[in-house]
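Start from chain D and add chain Z according to the hints.
Each protein sequence line maps, in turn, to chains D and Z.
The numbering of the first sequence is full-length UniProt numbering, which starts it at 1 and goes up by one.
The numbering of the second sequence is full-length UniProt numbering, which starts it at 1 and goes up by one.
Take these hints with a grain of salt, some might be off.
Any copy, or any two copies together, can satisfy a pair, since identical chains are not distinguished.
Straight-line C-alpha distance at most 20 Å; calculated SDA-like pairs for lysine to any residue [as the list claims (entries may be wrong)]:
| # | residue 1 | residue 2 |
| --- | --- | --- |
| 1 | Lys-129 | His-46 |
| 2 | Lys-213 | Arg-197 |
| 3 | Lys-129 | Glu-49 |
| 4 | Lys-129 | Glu-44 |
| 5 | Lys-129 | Asn-115 |
| 6 | Lys-129 | Gly-89 |
| 7 | Lys-129 | His-11 |
No lab work stands behind these hints: they were computed from the structure.
Here the structure is a predicted model, which means the values were calculated and not measured.
The residues making up each chain are set out below.
There are 2 protein chains.
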Amino acid sequence: MPRLDESLLTHLPPFSRLEKRQIRRILDQASSRRYDAGVAIFQEGHPAERFFMLLDGYVRVVRITATGEQVTALHIPPGQLIGIARAIGRDTYPATAMTASESLALSWPMHLWDNFVAEYDGFATESYKTLGQRLGEVQNKIVEMATQQVEQRVANALLRLVNQTGRKVENGIEIDFPITRQDLSELTATTLHTVSRLLSGWEKQGLVESRRKRIVVRDPHALVVLSQK
Amino acid sequence: MPRLDESLLTHLPPFSRLEKRQIRRILDQASSRRYDAGVAIFQEGHPAERFFMLLDGYVRVVRITATGEQVTALHIPPGQLIGIARAIGRDTYPATAMTASESLALSWPMHLWDNFVAEYDGFATESYKTLGQRLGEVQNKIVEMATQQVEQRVANALLRLVNQTGRKVENGIEIDFPITRQDLSELTATTLHTVSRLLSGWEKQGLVESRRKRIVVRDPHALVVLSQK
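So that you can see chain D by itself, here it is in the shape it has in the complex:
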């Protein structure tokens, strides 16, 4: 296996204050692995044996209901730690991490968590900042679900994806994240049927273009208006 290069980590906040020799040691302790899209990196309730740094790809943090439905609580972009059960005093993973695209992650045995926190300047601070952001995000989602109509929620979800991963293309802004109608329905806590109906309507009005796993927002301003109705 080729040696992992320090440049993989130096720009990521939990590691950005560290010296090169510290990063080297952290990489020597890591395993790296590629994942296909749609697989679980770790599963809710399983023993939390390793923690992960998502280097490439996107991950959906999902909870599985009693009837087997998946509900997406969070979307994780590359450059974030996941599966950090030890950070919140747990021995098992509190949720399942599903890859939303082909992904690459480093991982370390969970017993190293305490060492990283104790030895590496800024590591704990940055990790807990991430945790706080996630708490804020799920709280925002609750507010949205409690107060917004489905149309607003879907418009907001698209705008959020545009902000997080938008890429300018000829006819608008493309969401640079493989997203299906099923994903959107999970994100907005609505049904596949409703999302399909909304997107078809918006497509006819020239607001969006959607193909398999790809959505281009042609008229972001119109979506903003819809999201604030």
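Leaving out everything else, chain Z in the frame of chain D:
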């Protein structure tokens, strides 16, 4: 002002591993304050100048929407730290803490947070455990809102309150927490009208009894059945 007694803190997880002289020092640095029901202990977006230990009473963590609606993201029982913005790398409070009943809290200037984490054994670990539990709770709520009908959600909310604060009384289990229909509608992300309609129906069927701010669950088993429909 009477001197605060060590027994206020010794049994609470963030402080339970500390020696008496450490608790003494922590109390000497604290301010104590009583709050009426329905007031804000701190407000979303304000500078996070102090962190708090809720000694008595209950607090709702709320987000205020653009149109001024309050949405309850979490309920906090006594014995927990609140307003710990510094723990998640923030300078402002991420949400508003509203007292749901008359409450009593200690507070410390935020700059002491880092000292507490560095000096007091178990303080950080227990605080982050709490944070993790809150993240889990809001995620559960999203799952519920995404997958359950309103009737199930209200039944689940009542059962959760029974588990958390239930007190055996003659005709059933009383929720030992002043809860209004408005609170229940916020908790379950539905309207006051829907909650009133459901509770009236359940009252007629002998499942619950509700008076002003008091709810007695007479038939928990029937609620469990409803919650799993």
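We went through each hint and held it up to the structure:
no.	hint	in the structure
1	Lys-129 with His-46	between (25 Å within a copy, 18 Å between copies)
2	Lys-213 with Arg-197	within (16 Å within a copy, 42 Å between copies)
3	Lys-129 with Glu-49	between (22 Å within a copy, 18 Å between copies)
4	Lys-129 with Glu-44	between (22 Å within a copy, 17 Å between copies)
5	Lys-129 with Asn-115	both (19 Å within a copy, 18 Å between copies)
6	Lys-129 with Gly-89	both (16 Å within a copy, 5 Å between copies)
7	Lys-129 with His-11	within (16 Å within a copy, 28 Å between copies)
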